[in-house]
Structure formats: structure tokens, C-alpha cells
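Going down the list, the protein sequences come from chains A and B.
As numbered in the numbering used here, residues 1 to 437 make up the first sequence, in order.
As numbered in the numbering used here, residues 1 to 437 make up the second sequence, in order.
To be clear, the hints were calculated from the coordinates, so they are not data collected in a lab.
Every value quoted in this text rests on a predicted model; they were computed, and no experiment measured them.
Worth double-checking, as some hints may not be accurate.
Copies of the same chain are indistinguishable here, so a pair counts whether it falls within one copy or spans any two.
Think about it this way: if two alpha-carbon atoms lie no more than 30 Å apart in a straight line, the pair counts; the simulated DSSO-like pairs of lysine-lysine are [claimed, not checked]: (1) Lys206 / Lys372; (2) Lys150 / Lys104; (3) Lys130 / Lys206; (4) Lys126 / Lys372; (5) Lys79 / Lys166; (6) Lys79 / Lys435; (7) Lys435 / Lys239; (8) Lys166 / Lys152; (9) Lys206 / Lys79; (10) Lys51 / Lys435; (11) Lys435 / Lys163; (12) Lys410 / Lys346; (13) Lys239 / Lys410; (14) Lys410 / Lys203; (15) Lys372 / Lys392; (16) Lys392 / Lys130; (17) Lys28 / Lys410; (18) Lys39 / Lys435; (19) Lys316 / Lys435; (20) Lys39 / Lys28; (21) Lys228 / Lys163; (22) Lys372 / Lys122; (23) Lys228 / Lys316; (24) Lys193 / Lys79.
Listed below, chain by chain, are the residues.
2 protein chains.
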Amino acid sequence: MSKISQESLKAFGGEAVKAVILAAGLGKRMGYKPKGLIKIAGREILYRTMKNLTELGISEFAVITNARYREEYEGFIRKYGFNAELIINRHPEKGNGYTLYLAKSHVGGKFILLMSDHIYGKDFLKRAVKGEGLVVDETPEYTDLDEATKVKIKDNRVEDIGKHLKDFDAIDTGFFVLTSEIFGIADEILSEKGKAELSEIVKRAKLKVTPINGFLWMDIDTPEDIKKARMLMVRTSIKGAGDGFISRHLNRKISTRISTLLVDHVTPNQMTVVTFLFGILSALMNFVSIPLAGILYQISSIFDGVDGEIARASMKTSRFGGYIDSILDRYVDAAFLLILAYVTIKEPLWWAIAVTAIFGSAMVSYSTERYKAAYREDIYRDIPAIRCLIGKRDERIFLTMLFCLIGQTKALFALLAVLTNLRIAATVWLVWRNKRN
Amino acid sequence: MSKISQESLKAFGGEAVKAVILAAGLGKRMGYKPKGLIKIAGREILYRTMKNLTELGISEFAVITNARYREEYEGFIRKYGFNAELIINRHPEKGNGYTLYLAKSHVGGKFILLMSDHIYGKDFLKRAVKGEGLVVDETPEYTDLDEATKVKIKDNRVEDIGKHLKDFDAIDTGFFVLTSEIFGIADEILSEKGKAELSEIVKRAKLKVTPINGFLWMDIDTPEDIKKARMLMVRTSIKGAGDGFISRHLNRKISTRISTLLVDHVTPNQMTVVTFLFGILSALMNFVSIPLAGILYQISSIFDGVDGEIARASMKTSRFGGYIDSILDRYVDAAFLLILAYVTIKEPLWWAIAVTAIFGSAMVSYSTERYKAAYREDIYRDIPAIRCLIGKRDERIFLTMLFCLIGQTKALFALLAVLTNLRIAATVWLVWRNKRN
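Model the full assembly from the supplied sequences, consistent with the hints where possible.
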């Protein structure tokens, strides 16, 4: 048994649950690539799993790969500074049961076992780490049934398991919570046959099953799977709580498609800058054509979702990103309405109304962000009723476009002046009612 | 020995350090009142001490008073839900050494001893709880030397102690960190003389001294002391980090005087409403007289400090108070500049500049509050350089008054438009440089 100690390797704790990651496959269908290191939406499959597990308190890993991919996995572990030990399987032909067996001297007591080529969503992992035995999915939503490993269950234990089972109850998620007892059974099979598949071990062990149904997990076998996973990563990266009606029913439908296309090519910060410049361009367009400006403004509102989606999908969110994005959005809104007012308004009274609309637009965001500064929590999570108030940015921009198209900009300013400031009053009232102290 | 158990009393932990509070004095010079319960700036002396100690991790108390004030102290403990046991001293004539002795069966190992009629600032307490023996002050700033108990120190221990010492090194702060050994010495003196003063015990024990110099603490003996302490509570309640030049050198000097006058009569929220209405009044005054409006606006800026000062001085700060105050300030600023623009500006170009000034004014606050929402810390604490940027509210208002007095409102809008937005750009740049990730 070969073992490679990483410089960053810490002494094993007695209590800590370790995760063993099987990554000894050759990735034939992917054109001989280490599947765990394939980037999906800007991040390696394994980065996602290991990062999410770390956040769930599981921060020690043993990654078992083959001699061919040793350097790649070493580089990966070093790059991100994971607390992971690399184990080399020099006999991949002995099956993935043998690969698991190599972890024997690296874990003690309870440990987690998972596949390097599976994408697991954080909500899935949150539940799975508390499971026992084999985690199965009775209603898999994202997995191709033809390719999946099926499980027949009896008395909450595995009765049969295999790709070609006709009669089955659930699908194998490739995620296990095991104890070192499993190595005894692996040993047994290995001495009988000189090789062992994980599914044989699982069947002979009559492992307990833990059903976790309908959450995001996916086996990545083919280039088509990568495409599908990329799309899923983007779709599930929508923040949501602060989204208004237009965002939910129009903008997000388009922005997630754009994000899926861009996520592997553009950084969130690049997208923030592009969106800002496009927003300012839409504002300047008011000097040329107000209807066109309105349309560009609405397009910029769709783009506005992309930087956040890319950042979350590629696990590259940053506080500075959120900070700067939020300030630039205010400037785009102010610039658009200011130039629109400049080209359409002469009377001081209407200017005063336009000022009230511009100020109110900035204050809508101020009233929610200031809440987070005071209460250290998201206002939409703390006080869900605030989600129902209209006047969010996506809604204001859509209204602005409509009024620009019909050329009623004074009515727009009057409407925005009332809408935004009423919304702020309602926000303050709801905060007062819910969180007075 | 009498003992009254509070319903809220928890079992004593083995490790927790308890605070014993001597409150058996009759408060003769105060007209026979329980001195610990005298309100200074809206809060009982003992509330301040116990609340601050609780925040420093010392949350179990034994309060020793006399039979006469038993009900008052019971009510006080119940009102605030302190984890405090009340002990009655039925023989006050035996001296405050005897009062301390009554705590014998209520503490184990290390404990804190302090006087109910002393005000201790939080910065003092933070250091004092880590002290050993008698905490003394070699350079007392707030205490009347005539009335103070002096301490002669030798080899870091008390050599002599008394009110009338001619030769002394430091002043007794009435704050001790003791161990139960002290009760042996108290016992000794009590059996010899039938009574005991704390100072005798301290002297005979040759207590170690811990010097903590120049922080806020005060012995409250006379009505004059109350006045002085009230003023100190207000003065030391200035938040400070976000104060601009005008605030530091003008507004705070006046607002703290107003706060000292009002702190016992007005709640922070009442003051927030009054300040808001006064600010709106100053804005409306632009319809009548611009110079007068400018002066009222500057006065409202002085008032603006009062609600926060009262809230902090009386330990009545609330998150909602901070939230609503911050939103109302934005509305006052927008209202003032909007009405000022309305009565002085006709040309769209100047309106556009006014809009930039009004929007920029709101965004100055947005850029700092949004930082707190993102980074969960005060921007002035995280990035001290931001304190040096000009364009804070107090400075903008003072500038506004000056330009209103000389009648140059267009120049004002141009200046504010540039000043505020440059400040925001500088803020974003500093955040980027310091906290990019």
C-alpha cells in the first residue's frame, strides 16, 4: 500500500469524522481525465464537495486516486490548502472495493465515503452527513436512471444493488456514512476473489440505508452531464429572498441562461463592471431615444442578476463584490432617472417630484441594507412580510421601461416618488412592529 | 444571618466569579436613600455596574443591604432580572467589614467586591476584573481627593489606608478582587472588637494592589456628585468614530450640555422624533428665509447628537432607535436640499447638479452602512483612514449653513455634488484596498 503524506497534513484527531473520496477511476468516457477535477461552473467537482463539507464541519479528507493522476490531485490539494491526504491505488484493476480498502489505516471509527465524480448540493450534504450506511434517493430529480445504480431495500437495509436491477426501491447516491467494520467485509471479498467492487461489499454488508429524497446530487459521467450540472449550479444559485415579481417571472429566466453560458468564461467582478457600464449606457441613451433607453435599462436589469449568479454558482462570492455591486446599482438608477428628468422636465415642481423619486429609489435599498447593519440579519429572512411590498429595483426598472415606451415620464416620476417612499414607510413600520427592541 | 433567595437565582457554579456588592449604608448625606439605587442619567448606579459586569462575563451577584432597604433592592433585582442573591445585614453598626463578612457562605474561591455607591466606567471594569487585591488609582481624574480613601503602598501591597492619610500613593477605588481568605481576617477583627471596618481588614491583610490609572470611576456621596456623574455619563457616551470635524469641535460641545439637561427627563426615541420634526421645520423655513433655514438646519444638526447621547448615557440604546434615526436623517437632508433647490433653481442643468448633491448626500451614508451589512463591522473601526475623509453629515450641514448665509446656493450644490461623490469613490477605493476579499 502506497501512501503520500502532504506537507499540509495535520495529525488525525481522535474524534473528527473524516471523508474518504474515491477518485481512482480513469474517466474513460471523459477522454481520460481525473473526473473529480473537472471544472463545472468554474470550480472542480471535488472543490465543491470538499468546501461544502468543510463548512459542515468535516474538514479532514483522504483522497484515493491512481498513479496516473497523482500529480494533478496533489496540485489540487495544495492549491486550495485542503487538509487532505492523498493515497495512491496502484491496482485500479482490483475494483473500487479495493480502492476503498486502501483507506483502512487512514480512518478510525465512523467515516464518510463519497465519489469524486458526483456533484452534491449543500442541502443534500447537510442531511447526508447525518445519515447512516448508504444514502439513497427514492425520488431522484437530476439523475439519469439508465446510468444509475439501483438499490433494492428490505427492512431498511440493502438487499440488492446494481446498475441493471429491474426491481428496485431507490437510487444509490454514492454517499455513505460507514464505520471501519466495512473493511472486514472488503478484506473477505478481496481474499476470495483478488478483487472487489464497492457494490459487492455493500450488498454483503447488508448496509443500512438512509433515504434523502429529491435534493440536488448528480453523477457526472459524460460531457452532457457536465452541461446539465453547469445549468443546475446556476439555477440553484439564485439568492431569491430579495427578488421582486419581475425578477422572479422574467429577469431570472433569462439571466440564468446567460450565466450558464458565461460562468466558465467570466469572473463575477468582470460581469459587475460590464453591467454597470451597460446601465450607464442605458442612462445616456435618454439623450438619444427615451424608449430605447428604457429597453436598454430593462436589459441591464436582467444582466444585473448575472454577476451574483456566476459568483454563487462558481463559489466565488465575495463581500466586496456584494458591496460594490450594490453601490453601482444605486448610481445606475440615479443616472438613468436624472438624465431622463434632464431631457424631459423644465418646471421646478416636476423637478422636485423627480428628486423625490430618485432619492426614494436609493432609500428603498438603504432601508433594507441599513436593517442588516443594525440587526445583523437579512431583512427578508427576519420579516418575510417585507417580501410582499412592491417597489423593488426589478419592478421599478420594468415600470420605468413601460413609461419610457409610452412617453409618460412625468407620470413615471410621480408614481416612483409615491411608490418608493410608501414602501420605505411600510418597511419602517414592519420593522417597528416586529423588531422594536 | 438572614438570606433571601430570589426566584431567578441559579445554583452557584463552581468556577464562576461572583461579585459581592456592599450596599448596607444608609445614605445619610443623600437624605436616607439606598445609594446604589439612585438614578444617574436615567439608570440606577447599580444597574450600570451589574449590567456592565454581566457583559464582561460576571453575571452572579450577592447584594448585601440593610433591613430598611430590603424591599427596594428586591424590587430592583426583580425588575431587571439580575441573577442576584440579596443578603440582609441586621447590624449595620458593626461596620462595612461585617457587611463583607456576611458574604462568607455565598462565595467560594475568587470573588469580586465592590461598592454600590460607586460609578464605574466600562473601561475601568474591563481592566479591574482582571486585577488582584485592591484596585487603586494613582492618578484619579474624577474623584474628590478630600473625600477619597487614600492608600499607602509598599512592595505592591497596602501598607496603610484611610481618609486622612497625609502620605499616600494612590486612591482606593472601592473595587477588589479577593479570595475567601479575606473572611479569616474579618473574623479575627470581629472577634477582637465586635465590629470591623473594611479598611482595617484591608490593612491587616496587607492586600496586593492593582493600579488602574485615569479611567472613569467615582464615589457618589453628595447631590453634587450626582450632577457631576450625570455630566460624565453623557460626555463619555459620545460614539465618536463617525464624527466629523464640526461634530467634534462644535456640535458635541453643545449637544452634550443639552443631553446632560435632558437625560433624566426625555427618552431617546422622543428626542429622535423632536429632532426629525425640527429638521423638517428647518427645511420648510427655506420658503421663508434661506439664511434662517440654514441656521435652523445647523441647530438641528446639533440636536441630532442628543438622542444617541441620551440613549448611550442611560444605557437605553436600541437597534430600532439607530435604524429609524439613520433613515430620518436622510429624509431631513433630502428635504432641506430639495426645498432649497426648489426656491432657488430654475435651470435644468442646475437641477441636475442639485440632484447629484442630494443623491450623493444619501449615498455617503449608504456607502458606510452598506459596509456594515457586508462585513459585519463598523467601517471606521475596520478602515481608520476613512475617518479622515471629509463630507460627513455634520460637515455638509455646516457648509450648507455657511452658503445659505452668504446666499450662494448654486455654489453649495456644486460643491456638495463633487464632495459627496468623491467621498464615496474614496470610500470604495479604501474598502477595495483593505478588504478586497
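Query raised in the report: Which of the listed hints are not met by the structure?
Result: 1, 5, 9, 11, 13, 14, 16, 17, 24
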